[in-house]
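Q: Sequence:
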Amino acid sequence: MATTTEKTARDSGQGAGSKGARLEALAGTGQSVWLDSISRELMGSGELKELIEVIGIRGMTSNPTIFEKAINGSPSYDREIALLADKGYGTEQIVRFLMVRDIRKACDFFLPVHRKTGGNDGFVSIEVSPLLSADTDNTVKEAKLLHFLVDRPNLMVKVPGTPEGMPAIETLTGEGISINVTLLFSPDAYRNAAMAYVRGATAYLGKGGDLSKVHSVASVFVSRIDTLVDKELECRVEAATGSGKASLEALAGQAGIANCQTIYHCFEEIFRGEKTRHLSGKEFRLQRPLWASTGTKNPKYSDTLYVDSLIAPDTVNTVPMATLKAFVDHGQVSPALVANKNDPQKLAEALKGVGINLDDVFRILVAEGVKSFEQSFETLNKAISDKVRSMVPGKPATGGLPETTRWSHDMKDLIEKWESNGVS
Numbered sequence: 214m215a216t217t218t219e220k221t222a223r224d225s226g227q228g229a230g231s232k233g234a235r236l237e238a239l240a241g242t243g244q245s246v247w248l249d250s251i252s253r254e255l256m257g258s259g260e261l262k263e264l265i266e267v268i269g270i271r272g273m274t275s276n277p278t279i280f281e282k283a284i285n286g287s288p289s290y291d292r293e294i295a296l297l298a299d300k301g302y303g304t305e306q307i308v309r310f311l312m313v314r315d316i317r318k319a320c321d322f323f324l325p326v327h328r329k330t331g332g333n334d335g336f337v338s339i340e341v342s343p344l345l346s347a348d349t350d351n352t353v354k355e356a357k358l359l360h361f362l363v364d365r366p367n368l369m370v371k372v373p374g375t376p377e378g379m380p381a382i383e384t385l386t387g388e389g390i391s392i393n394v395t396l397l398f399s400p401d402a403y404r405n406a407a408m409a410y411v412r413g414a415t416a417y418l419g420k421g422g423d424l425s426k427v428h429s430v431a432s433v434f435v436s437r438i439d440t441l442v443d444k445e446l447e448c449r450v451e452a453a454t455g456s457g458k459a460s461l462e463a464l465a466g467q468a469g470i471a472n473c474q475t476i477y478h479c480f481e482e483i484f485r486g487e488k489t490r491h492l493s494g495k496e497f498r499l500q501r502p503l504w505a506s507t508g509t510k511n512p513k514y515s516d517t518l519y520v521d522s523l524i525a526p527d528t529v530n531t532v533p534m535a536t537l538k539a540f541v542d543h544g545q546v547s548p549a550l551v552a553n554k555n556d557p558q559k560l561a562e563a564l565k566g567v568g569i570n571l572d573d574v575f576r577i578l579v580a581e582g583v584k585s586f587e588q589s590f591e592t593l594n595k596a597i598s599d600k601v602r603s604m605v606p607g608k609p610a611t612g613g614l615p616e617t618t619r620w621s622h623d624m625k626d627l628i629e630k631w632e633s634n635g636v637s
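Mapping to our numbering: the sequence shown position 369 is 582, numbers consecutive.
Worth double-checking, as some hints may not be accurate.
Claimed, not checked - Using 20 Å as the maximum straight-line C-alpha spacing, the simulated PhoX-like pairs for lysine-lysine come out as follows: (1) Lys-262 with Lys-357; (2) Lys-318 with Lys-538; (3) Lys-262 with Lys-538; (4) Lys-318 with Lys-262.
Claimed, not checked - Derived Cβ-Cβ restraints for the label pairs, each shown as a range: (5) Pro-366 with His-478: 29 to 35 Å; (6) Gly-486 with Lys-232: 49 to 55 Å; (7) Lys-426 with Gly-486: 29 to 35 Å; (8) Gly-566 with Glu-591: 23 to 29 Å.
Think of the hints as simulated: they come from the structure by calculation, not from any bench.
Since the structure is predicted, the reported quantities are computational estimates derived from the model, not experimental observations.
Cβ atoms here follow ideal geometry from the backbone N, Cα and C, with glycine treated the same way.
Construct all of the structure, not just a fragment, from the sequences and the given hints.
A: Written out as C-alpha cells, the structure reads:
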C-alpha cells in the first residue's frame, strides 16, 4: 500500500532555498501544501512557477467561488468569451470551457511535481457543477466529461460529499477517475466518503485496473466549523456571568481542530486497518484527508492556526494565498495533530451541554456550502451572459488572446474534443 510520508520536498526537487524551508519541512512530516486559488494572472505572471519551484507548493484546488472571482474580475477572459459566443456556445458551455482551459494549464504547471513525486502530488482539482449536488447520475456524467476534456494525469474531479454524491464517488473511482471529495464536515460523512473510495478502488481492481493511477483526497472543511460554533458561544457568553462565562469562552476556537482529530483517527482506522487489508500490495493509494477552509477568519486567532495545528502524516492542507504567505513567513512545523492530547469527545459533550450539537452544526454547514457554491456559479453564469450581450457579434473584445492568434493550439485542441463528442 503506497504512502506519501517518504516523499519529501527534497526528493522531488521542490522547496529549494530559505523561502521554501517551511514547506520542505512540512513535506518531511508527510504533509503536502496545495494552493486554494487559480487565475490566469497567477499563471501568466510567473508567480505560480515561483510558488512551485521556490516555495514548494505541491498542488492546487479550485471551486465555483474561486472561478467566479477569477473570471468575473478580469478582462483576460473577454476575448475567449466573445469568440465562443460567436461560435454559438451558450453561457454554461462558455463557463465550462473557460474552467477546463485554466485547469488544463494549471495541470501542466504541476506535471513535473506529479512525475517527481511518483504520482503522489502535483494534482489540480476542478469541481462539477454545484447545481448537481443532489443528482447522482448527472454528477457522474459531468465528472466523466470534465475528466475527458481536461485529459491530464494529474487532474482530480471534485464531487460533493452529499448523500447523492457518495454513489457517484464510488462509481467514478471504479472507472479509474481520481476524485477530490469536497464539502465534508462530519466524521460520519468522512467515513462514507472513505468507504465509497475503497469500494470503488476494489471494483476497479476487479476489472484489472491499475490502482497506482487512481488517487483521492477527502476535503474536510475546518474554519467554518469554528466560525459557526463561536457565533453560538458568543450569544451564550453575553448572557452568562462569572465562572460560567469563562467556561463558555474556553470552548471557543476548538471545534474545527477537534473534528480533524476525530477524522484523522477514522482515516488511520480505515486505511491502516482491516477495511483495506485486501488492497495491500496492489499499489493502492491512500485517500488522504485534505484540510480545507484553512484561512483564519477570526482575527483573535493566529493567522497560521489551521496549518500549524493540523500537521500529520499522509495529509494535505490547501491554503488561500494569504495563509500560505503567513505560514512561509512564521509558521510552526511540528506533528501537532498527532501530538494533540485533547479529547474531541469531551469537547463535543461540553458543547452539547450548553446547547450546541455538532451534528446540527455539520448539517447547517453542508447546506450553506452547497448554497454558497450554487450562488457563485449562478453569479458567474449571469456575468458571462451579460458580457455576451454587450459584445458586438464578429468583433471580439480587446484583451486576452492576441488578435493574430485568435485560437491558440490549446483552444483548437479543446474545441476539437468538444465538438467531435457533441458536448452540450
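Q: Taking each numbered hint in turn, which are not upheld by the structure, reported in ascending numerical order?
A: Numbers 1, 2, 6, 7, 8, in rising order.
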